[in-house]
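Number of protein chains: 2
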Amino acid sequence: MDRRRRKSREAIFAAFSELLSKKNFSQITVGEIIEHADIGRATFYSHFETKDYLLKELCEELFCHIFDSTKEHGHTHRHIFDCDAPDSVFLHLFQHLSRNDNHILDLLSSQNNDLFLRYFKVGLVDLIESQLETFEIRIPAELPRNFLVNHIAATFVETVRWWVENKMQESPELITKYFFLVIH
Amino acid sequence: MDRRRRKSREAIFAAFSELLSKKNFSQITVGEIIEHADIGRATFYSHFETKDYLLKELCEELFCHIFDSTKEHGHTHRHIFDCDAPDSVFLHLFQHLSRNDNHILDLLSSQNNDLFLRYFKVGLVDLIESQLETFEIRIPAELPRNFLVNHIAATFVETVRWWVENKMQESPELITKYFFLVIH
DNA sequence: ATTTTTATTGAACAATATGTTCAGTAACGA
DNA sequence: TCGTTACTGAACATATTGTTCAATAAAAAT
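Which chain is which? The protein sequence lines are A and B, in order. So our numbering is basically just the index in the first sequence, starting at one, shifted up by 10. So our numbering is basically just the index in the second sequence, starting at one, shifted up by 10.
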C-alpha cells in the first residue's frame with residue numbers, strides 16, 4: 011500500500027479512536043474525524059464509504075490481531091498438556107486485553123463498549139466453536155451445542171464488561187478464576 | 011394527560027416501533043417518524059427532545075410493564091413454595107416474551123435487538139439483585155455477589171437473544187430448562 | 001532523471017436532516 | 001361558555017452528508 015495512503019488511514023483510525031473514547035459513536039461526525047485526522051474531506055471518503063464501515067474496519071484491525079495471536083497459543087496449548095493451566099486460552103485473552111495494546115481498553119471502557127464487545131463476541135464464537143472439545147467442561151447432552159458455544163462466548167464478553175466497569179482492579183488470573191467458576 | 015397528547019404520544023410510539031422492526035435505529039429519521047405517525051413536526055419535538063429520548067421512553071414503557079407484572083408473581087412465589095417450579099420467575103419472563111405483547115418480539119428480533127436487550131438487562135439486574143437469595147443456586151464464596159448477579163442477568167439476556175435468533179422454535183419451558191442448565 | 005501513476009487537497013455543490021419559531025385553529029376540561 | 005392546552009404547517013437557520021473536479025504533490029517505474 012502506498013505510504014501516503016497508509017498514513018491517511020492510520021490518521022483516520024487514530025482520530026476516530028480518540029473520539030470514540032470520549033463521545034458517543036452516533037454523535038461523532040465525519041467532519042470531526044477529518045478535523046482531528048487533519049486530512050481533506052475527499053480523502054476520507056476515498057478510504058471509507060461510511061462511518062459504519064470505518065467502525066467495522068477498526069474492529070477488525072483490533073480483534074483480528076488478538077485472535078490471531080491467541081490462536082497460535084491455542085494450537086500449541088492444544089497439544090501441550092503439561093502447561094500450567096490447560097484452559098489458558100481465556101487467560102491469554104484477559105492478559106492480552108489488560109496490556110491495552112492499540113488502546114483497546116480505552117475503547118472497551120468507553121460509552122461505546124457495546125459496539126466493540128459485539129464484534130469481539132463474533133470472533134469469540136468462532137474460536138470457541140473450533141476448540142470446544144478441548145475445554146474441560148462437562149457438556150449436558152440435552153443442550154444444543156450451538157447454545158453452549160454462545161453461552162460461553164457471551165459469558166466471556168460479560169466478564170470483560172464487568173471487569174472494565176469495575177476499573178479492572180482484579181488481575182487477569184483472578185478474572186479467569188471468576189470466569190471458570192460460573193462456566194463450570 | 012390530555013387525550014390529544016396521549017393520542018399523539020401513542021401514534022409516535024407505534025410509528026417508531028414499526029420503523030424499528032424494519033430498519034436500523036440510526037437510519038430512522040425524525041421526518042419518517044412524523045410521516046408515519048401523521049403528526050406535525052412541532053408536535054414531535056414538543057413530546058421528545060431527541061430520537062434517543064424517544065427510544066428510552068419506549069423501552070421504559072415496554073419493560074416496566076413486564077417487570078411490574080413479574081414482580082407481583084415473584085412476591086407470591088417467594089412465599090408459596092408448593093408452586094410447581096419455584097424458579098418460575100424466569101419461566102414467567104420467557105412466557106411473557108413469547109406472548110409478544112406490545113410487539114416486543116418484533117423489536118427483539120429486529121436488527122436493533124441490542125438496544126432493547128441492553129435496557130432489558132438493566133431491569134433484570136435489579137430484579138435478580140433483590141431476589142438472589144430465593145434462587146436455588148449454590149453461590150461460590152469466592153465470587154463477588156455483584157459478579158454473579160451480572161452473570162445471571164447476562165445469561166438470561168443471551169438466552170433470549172439465542173432464542174429469537176433461532177426463530178423461537180423452542181417452548182418457554184424448554185428454554186427455561188436450557189437456562190437453568192447453564193446457570194446451575 | 002524523467003515520466004507515469006496514484007493520493008491528497010480544498011473548495012464548491014446539492015441533498016438531506018435537525019431543531020426552532022410563530023401565528024392560526026381545533027379540541028379539551030371546568 | 002370560556003380559558004387553557006395541544007396540534008398544525010410552513011418557514012427558517014444550521015449542520016451533515018456524500019460527490020465532484022481541477023490543481024498539486026508524492027511515490028513508483030522506467
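It should be emphasised that the hints constitute simulated quantities derived from the structure, not laboratory data. It should be emphasised that the depicted structure is a prediction, and the values quoted were computed from it without experimental measurement. Check before you lean on any hint, since a few could be wrong.
For identical chains, the list gives no copy identity; a pair is met inside one copy or between any two copies.
[To be verified] Simulated crosslink set (PhoX-like; lysine-lysine; CA at most 20 Å straight-line):
| no. | residue 1 | residue 2 |
| --- | --- | --- |
| 1 | Lys17 | Lys66 |
| 2 | Lys177 | Lys66 |
| 3 | Lys33 | Lys17 |
| 4 | Lys17 | Lys32 |
| 5 | Lys131 | Lys32 |
| 6 | Lys33 | Lys177 |
| 7 | Lys33 | Lys131 |
| 8 | Lys81 | Lys17 |
| 9 | Lys187 | Lys32 |
Each hint, compared with the structure:
| no. | hint | result |
| --- | --- | --- |
| 1 | Lys17 to Lys66 | within (19 Å within a copy, 40 Å between copies) |
| 2 | Lys177 to Lys66 | neither (26 Å within a copy, 26 Å between copies) |
| 3 | Lys33 to Lys17 | neither (24 Å within a copy, 35 Å between copies) |
| 4 | Lys17 to Lys32 | neither (23 Å within a copy, 38 Å between copies) |
| 5 | Lys131 to Lys32 | neither (23 Å within a copy, 24 Å between copies) |
| 6 | Lys33 to Lys177 | within (18 Å within a copy, 35 Å between copies) |
| 7 | Lys33 to Lys131 | neither (22 Å within a copy, 23 Å between copies) |
| 8 | Lys81 to Lys17 | neither (29 Å within a copy, 56 Å between copies) |
| 9 | Lys187 to Lys32 | neither (31 Å within a copy, 42 Å between copies) |
Of the numbered hints listed earlier, those contradicted by the structure are 2, 3, 4, 5, 7, 8, 9.
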